[in-house]
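Student: Quick note on numbering: the sequence shown equals residues 1 to 522 in full-length UniProt numbering.
The set of hints was computed from the structure by calculation and includes no laboratory data.
Note that the structure is predicted; figures quoted are calculated from it, not measured.
None of the hints are false.
Here are the simulated SDA-like pairs of lysine to any residue, each with C-alpha atoms no more than 20 Å apart in a straight line: (1) K286 x A235; (2) K153 x Y325; (3) K295 x D225; (4) K233 x Y364; (5) K249 x L409; (6) K160 x D369; (7) K295 x I306; (8) K62 x P74; (9) K482 x Y433; (10) K146 x Y320; (11) K62 x D86; (12) K482 x P432; (13) K218 x T180; (14) K218 x N315; (15) K358 x F348.
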Amino acid sequence: MTVVHAYAPTSACSDEEIEAFYNTLEDALEHQLLKLGPKFIFNDPKTAARRRIIELATLKRKIEKCFLRKKVSPGRPLQLFIDELDVLLQTLHNVPTIDRNINKDKLVGIEMNQNKSVIELIFSQASQSQISNVRSDKSKVFHLGKVEDYRKKSKEYMKKTLAYKCLGKEDPLSELIQRTNKYLLDLRLAKWITQKQSHKPGTPLRPIISGLKHPTIKISKFLDDLLRPLFDKMAHDTTVTSGLELIKKLQEWSRLNMNENTIFCTINVIDLYTMIPQVEGVLSLKNMLDYLKLKKASGLKIETIIRLSRFVMQNNYFSYDGQFYHQIRGGAMRLPLTLTMANCYMFFFERQIAKQIKNSGGLYFRYIDDLFIIINWPVRHLLKQIDIWNKFDENIKLKANIASFTNFLDLYMENRDGILFTTVYQKPSYEPYYLPFSSIHPLHMKKNIPFTMLLRAIRYCSTFQTYLDECDKLRVALLLNKYPNKILEQQFNNVLKKFNIDQPLTVTNYDKYRQNVLDSPF
1 MTVVHAYAPT SACSDEEIEA FYNTLEDALE HQLLKLGPKF IFNDPKTAAR RRIIELATLK
61 RKIEKCFLRK KVSPGRPLQL FIDELDVLLQ TLHNVPTIDR NINKDKLVGI EMNQNKSVIE
121 LIFSQASQSQ ISNVRSDKSK VFHLGKVEDY RKKSKEYMKK TLAYKCLGKE DPLSELIQRT
181 NKYLLDLRLA KWITQKQSHK PGTPLRPIIS GLKHPTIKIS KFLDDLLRPL FDKMAHDTTV
241 TSGLELIKKL QEWSRLNMNE NTIFCTINVI DLYTMIPQVE GVLSLKNMLD YLKLKKASGL
301 KIETIIRLSR FVMQNNYFSY DGQFYHQIRG GAMRLPLTLT MANCYMFFFE RQIAKQIKNS
361 GGLYFRYIDD LFIIINWPVR HLLKQIDIWN KFDENIKLKA NIASFTNFLD LYMENRDGIL
421 FTTVYQKPSY EPYYLPFSSI HPLHMKKNIP FTMLLRAIRY CSTFQTYLDE CDKLRVALLL
481 NKYPNKILEQ QFNNVLKKFN IDQPLTVTNY DKYRQNVLDS PF
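The task is simple: from the sequences and hints, build the whole structure.
Tutor: Encoded structure:
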């Protein structure tokens, strides 16, 4: 592998010198990096044609509305105008390119055909060698492995969790459809009745069950849309969904409570979705509705919601490796209702833990199957408490990591002699791939990427130096993805203008302006 050495330009360099410096990396580093990245949308004449038709129809409709507001009919002249504009746009779109571009397009086409042949050869050899190419979870990285290894890990996971029952080669689809139809045929429209008012190491497996056409998927989505807002309301005080939420809570807590002995603890719930018993999981939904003192939700009786939930959770079937399976424990991942059920189950499990941490002056939050704790306890005492928590429920097993530093969501945090230090966290599998600037996506979408990434850097980086380091990494990544330096500078300045920062960020004013950004409702 070629190693590229480069020396970054100083801050005194001009924009032209900076851009020229980064262009020198193109032949080596850029080629090695970007050729491994995901495909992007190339210019497609059919896409442009569809866009032209839609835009012309929209324009015609807007002009007609303007005329009608004046009580005047546009008549035939409007259609003639649209037709002429259509011809003009087609003519502009079909202007011949110069020979150099034609030759370049031919070379690109030849290279694409060569790459396609190489890819086909790789997949052919992989198939003959019993090698599988599988996309990694939560990343764009692909993992090559032997088919037999995947089968072995799948069997080990099924044996470990005891959540799946092998049905052999008997396809349960027809019976499931019949039972589902019978259930639906028993439903009736509501009737109007008057009444008197009397007064949730080793490349471990993460199983995903795709059920886009499963007979129960629509019911599951309906129930999830109904119940998830209720859960969000119930668990508002113990749930975080973004690093920004967490950093605001940490800042407020650290001002009064953080010292040299403060420790961070992140806890993972092992196989949460799979290990929750189905009966108790559905019961946790009932407990949530009782906790919120609801008799109905969106016009549905609680009894109806629970019956539908039970039906969805107990009828998860899928095929794998020529066999059919029925999930008899937990819920299928990516089934909409599974997440809400798991969240509800964890809410009632964690209540005593959250109360204990709060009473001891600490902070406790959860995001699905990841728990976060910051507290001024000795490590030995916290480990003892985790052992106790592991005995609360035989279905919930907690795996903890305790240290003076940790990461949670996309935030890295550290206790530096009693001072909270934070910055952006990137997983080991992170690759600097963003939407290429040469794609045909609208310009505002591409401009929004450097804007939001820089805004995150200001919010997350607690020191000026880490902010500068994050900006440098972001700038290099975007330049490698063909973003012009002029666009980057423009968007970086737009971030400062958005928050009324009228001077460059420096060591002396960084803390002040960063706090203004954090306090902003934007």
